[in-house]
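As given, the protein sequences belong to chains V and Z, one line each in that order. Our numbering applies: residue 6 is where the first sequence begins, and numbers increase by one. Our numbering applies: residue 14 is where the second sequence begins, and numbers increase by one.
Everything labelled a hint here was simulated from the structure, so no lab data went into it. Do not rely on the hints blindly, as some may be mistaken.
Stated by the list, open to error - Here are the in silico distance ranges between beta carbons for each label pair:
id	chain 1	residue 1	chain 2	residue 2	range
1	V	Leu280	Z	Arg138	23 to 33 angstroms
2	Z	Asp59	V	Arg446	51 to 61 angstroms
3	Z	Asp42	V	Thr84	41 to 51 angstroms
4	V	Pro71	Z	Glu66	49 to 59 angstroms
5	Z	Arg83	V	Glu44	47 to 57 angstroms
6	Z	Asp42	V	Val285	32 to 42 angstroms
7	V	Thr172	Z	Ala70	22 to 32 angstroms
Claimed, not checked - Just a few of them, taken from the derived set where beta-carbon distance is under 8 angstroms, the chain V residues facing chain Z:
id	residue
8	Glu184
9	Val265
10	Asp378
11	Asp380
12	Leu419
13	Tyr420
14	Glu455
15	Lys457
16	Leu458
Note that beta-carbon positions come from the ideal geometry of N, C-alpha and C, so glycine has one too.
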Amino acid sequence: MAYSVTIGGCTRSFGDLKILLAKATPARSGDALAGVSAEDEEERALAKMALADVPLARFLEELLIPYEQDEVTRLIVDTHDAQAFTAIGSLTVGEFREWLLDPATDTDVLARAAPGITPEMAAAVSKLMRNQDLILAGQKCRVVTRFRNTLGLPGRLSVRLQPNHPTDDVRGIAASMLEGLLYGCGDAVIGVNPASDSLQAVTRLLEMMNAFRERYDVPTQTCVLAHVTNTLRAMELRAPVDLVFQSIGGTEGTNRSFGVSLKLLEEARAAALELQRGTVGDNVMYFETGQGSALSAGAHEGVDQQTCEARAYAVARHLKPLLVNTVVGFIGPEYLLDGKQIIRAGLEDHFCGKLLGLPMGCDVCYTNHAEADQDDMDTLLTLLAVAGVNFVMGVPGADDVMLNYQSTSFHDALYARSVLGLRRAPEFEAWLERMGIADSRGDLAGTGAERKLLPGASEWLG
Amino acid sequence: MWARLRRFTPARIGLGRVGGSVPTRALLDFELAHARARDAVHARFDASALADELRGAGFGEVLVVSSQARDRMEYLLRPDLGRALDAESLEKLRESRGSACGLGVVIGDGLSAAAPARHAVPLLRELQTARGSNWTNVTTVVANHARVALGDEIGELLGAEAVVVLIGERPGLSSPDSLGVYLTWAPRAGRTDAERNCISNVRPEGLAYTEAARRLVYLLGEARRLKLSGVALKDDSEASGKTSEKRLARSC
Numbered sequence: 006m007a008y009s010v011t012i013g014g015c016t017r018s019f020g021d022l023k024i025l026l027a028k029a030t031p032a033r034s035g036d037a038l039a040g041v042s043a044e045d046e047e048e049r050a051l052a053k054m055a056l057a058d059v060p061l062a063r064f065l066e067e068l069l070i071p072y073e074q075d076e077v078t079r080l081i082v083d084t085h086d087a088q089a090f091t092a093i094g095s096l097t098v099g100e101f102r103e104w105l106l107d108p109a110t111d112t113d114v115l116a117r118a119a120p121g122i123t124p125e126m127a128a129a130v131s132k133l134m135r136n137q138d139l140i141l142a143g144q145k146c147r148v149v150t151r152f153r154n155t156l157g158l159p160g161r162l163s164v165r166l167q168p169n170h171p172t173d174d175v176r177g178i179a180a181s182m183l184e185g186l187l188y189g190c191g192d193a194v195i196g197v198n199p200a201s202d203s204l205q206a207v208t209r210l211l212e213m214m215n216a217f218r219e220r221y222d223v224p225t226q227t228c229v230l231a232h233v234t235n236t237l238r239a240m241e242l243r244a245p246v247d248l249v250f251q252s253i254g255g256t257e258g259t260n261r262s263f264g265v266s267l268k269l270l271e272e273a274r275a276a277a278l279e280l281q282r283g284t285v286g287d288n289v290m291y292f293e294t295g296q297g298s299a300l301s302a303g304a305h306e307g308v309d310q311q312t313c314e315a316r317a318y319a320v321a322r323h324l325k326p327l328l329v330n331t332v333v334g335f336i337g338p339e340y341l342l343d344g345k346q347i348i349r350a351g352l353e354d355h356f357c358g359k360l361l362g363l364p365m366g367c368d369v370c371y372t373n374h375a376e377a378d379q380d381d382m383d384t385l386l387t388l389l390a391v392a393g394v395n396f397v398m399g400v401p402g403a404d405d406v407m408l409n410y411q412s413t414s415f416h417d418a419l420y421a422r423s424v425l426g427l428r429r430a431p432e433f434e435a436w437l438e439r440m441g442i443a444d445s446r447g448d449l450a451g452t453g454a455e456r457k458l459l460p461g462a463s464e465w466l467g
Numbered sequence: 014m015w016a017r018l019r020r021f022t023p024a025r026i027g028l029g030r031v032g033g034s035v036p037t038r039a040l041l042d043f044e045l046a047h048a049r050a051r052d053a054v055h056a057r058f059d060a061s062a063l064a065d066e067l068r069g070a071g072f073g074e075v076l077v078v079s080s081q082a083r084d085r086m087e088y089l090l091r092p093d094l095g096r097a098l099d100a101e102s103l104e105k106l107r108e109s110r111g112s113a114c115g116l117g118v119v120i121g122d123g124l125s126a127a128a129p130a131r132h133a134v135p136l137l138r139e140l141q142t143a144r145g146s147n148w149t150n151v152t153t154v155v156a157n158h159a160r161v162a163l164g165d166e167i168g169e170l171l172g173a174e175a176v177v178v179l180i181g182e183r184p185g186l187s188s189p190d191s192l193g194v195y196l197t198w199a200p201r202a203g204r205t206d207a208e209r210n211c212i213s214n215v216r217p218e219g220l221a222y223t224e225a226a227r228r229l230v231y232l233l234g235e236a237r238r239l240k241l242s243g244v245a246l247k248d249d250s251e252a253s254g255k256t257s258e259k260r261l262a263r264s265c
């Protein structure tokens, strides 16, 4: 079906919903690379106008990728909650934006509507929203998840401690873990990206991180971000797996390029649930996503990258994750060129994920071939912290020496806590106080805490 | 304590803090590292100078070609153009095709011009001594604005049995000049990343030239024996492919 808008006697038409969504998307390099973006600024502005008039119900009729062809589409259609949709079922996309910004639409209303919102509806409305709209509406959404602690409570910001090492050296990883904990980081997860794919390396890291956590009785979870098939094998070998990690995308083809399917992810979740390692909850999945992954895999099906990203959240939502992390600036400038595009995408991803009911975190990051720097990351971190992001990364000195990119640091987390008064997960906060690492207000104690922690780590650090 | 722990990792631990903030010296050290990494991405690749150096070092005839990307920004934004030869280079390679080519060696700038400028010649020297007599008909090509897959088209035009691409990797703050080495058996346009083997982080502070050469000789031998490369040809000593370039996307 074609969509059109008439301004001053001139009519502009857009062939179908997929084309309309792509052309209404704020400028980004990945859509230009895919050849789906608006030809000029006027076309983009007109596409937004046409999109504003599209009824939300239309998204249930006109599917962007055919039902028969794509299991993500089938998941979206088959799990759509018609009852929850009634709250917004009569609205257009433009009216949906106003509904989201209306003070009467509070946290509870949003949570009840979430199962009725499809990724395409979330993506569509986000295209009409300014950054402040994305922050305002995102902040009203609350998604709380649990494993060994409680994440996503109001006024809280958690951190994934990311102690990566170029050769998976156990001592090097332990050293970064120790420092991260002393900076009060690690309540979201202590999660390492392994340099090696081998099962042996993965299980060795799982054992070490689990022993380290148990040594100090830290109320958090550990994770080795290996491919799901390796984590399944590690579980078969009875390695201590808290969370199952996987990168996912918004089309069946993207997931195929990652070597996964819905069935495989469901299997892995079932296996992790059986271990019953969570103490306060059973959210056992950790997903990473990022705009551009579908195009990179040659599996975007003509859909713009931000809509593909929102569709990935349907996959995540199905599996009740503890953490979803949009790795926003990692893939490179051919998808998000500069600080402006990265900042916009980070806010879009956080908003769309939260609106769909996901515990969104963000790897606020950039690569050295993108037109971005630490100032841009400071801006995005601040905006996301205001928007109520569930967690960010904690990388020593912001420099990931294994993945070769820059993320947020232990110091950055302290900055965000300081300017916005954000606290850590309650169980973790209590642990930090017990250990003398932080005081009752969450402020780091002076020196001395490391001398308390170091002897226990002698097994790894000599 | 932190001085001792820093020996275990190149990560930026033990920076100290002022309140919650980074001390000035650590801040400026970081900015210098970022400046160097940025310069590495945008540095001009002097392909002719490298070709001269290779000729001088006894690598015989060396061809210089370019991808279809015309400048650095276009190269960064259009990976597809970096994977295709421009018209002049196509012509040059067609003309050069004479005697049988065993191995094509393609040296490209990739995301760090400094990497091939510094490490290509020393690595090839190691390879020469390690190679023995297995690969006699070697053609060397230096490619400007190159992505890894450009080697497929070059190898195909040369009629090479296999192609080895030496190319600058995505620079990190502590590694602005990492060289990546990619092997593809029976190269032709349209090969996928799954059909290549990769040796990553080649530089004195990372994987040493001798070790990189040893692994490459092993892979070349296995590729010739099995008549294939990629995931079916696992190098047991190292996972294939660089994790940073596999996370969420292809970037070669």
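Hint-by-hint comparison with the structure:
At about 52 angstroms, the beta-carbon gap between leucine 280/V and arginine 138/Z misses the expected band of 23 to 33 angstroms. Aspartate 59/Z and arginine 446/V have their C-beta atoms about 57 angstroms apart, which keeps the hinted 51 to 61 angstroms range intact. The supplied range of 41 to 51 angstroms is met by aspartate 42/Z and threonine 84/V, whose beta-carbon atoms lie about 50 angstroms from each other. Between proline 71/V and glutamate 66/Z the C-beta distance comes to about 55 angstroms, which sits within the given range of 49 to 59 angstroms.
Taking the beta carbon of each, arginine 83/Z and glutamate 44/V are about 22 angstroms apart, not inside 47 to 57 angstroms as hinted. In this structure the supplied range 32 to 42 angstroms holds for aspartate 42/Z paired with valine 285/V, their Cβ-Cβ distance being about 41 angstroms. With their beta carbons about 31 angstroms apart, threonine 172/V and alanine 70/Z fall inside the hinted range of 22 to 32 angstroms. For glutamate 184/V, the shortest C-beta to C-beta distance to chain Z is roughly 5 angstroms, which falls under 8 angstroms, so the interface hint holds.
A least Cβ separation of about 13 angstroms between valine 265/V and chain Z goes past the 8 angstroms threshold, and the interface hint is therefore violated. At a threshold of 8 angstroms, the smallest CB-CB gap from aspartate 378/V to chain Z is about 7 angstroms, leaving the interface hint in force. Taken as an interface hint, aspartate 380/V does not check out: its beta carbon lies about 11 angstroms from the nearest beta carbon of chain Z, beyond 8 angstroms. Residue-level restraint check for leucine 419/V holds (minimum Cβ-Cβ distance to chain Z is 3 angstroms; threshold 8 angstroms).
Taking 8 angstroms as the C-beta contact cut-off toward chain Z, the hint placing tyrosine 420/V at the interface holds, the least distance being around 6 angstroms. Contact between glutamate 455/V and chain Z, as hinted, is supported at the beta carbon level, the nearest pair being about 6 angstroms apart and thus within 8 angstroms. Interface restraint check for lysine 457/V: the shortest CB-CB distance to chain Z comes to about 12 angstroms, outside 8 angstroms, so the restraint is violated. The restraint placing leucine 458/V at the interface with chain Z is violated, with a minimum CB-CB distance near 10 angstroms, outside the 8 angstroms limit.
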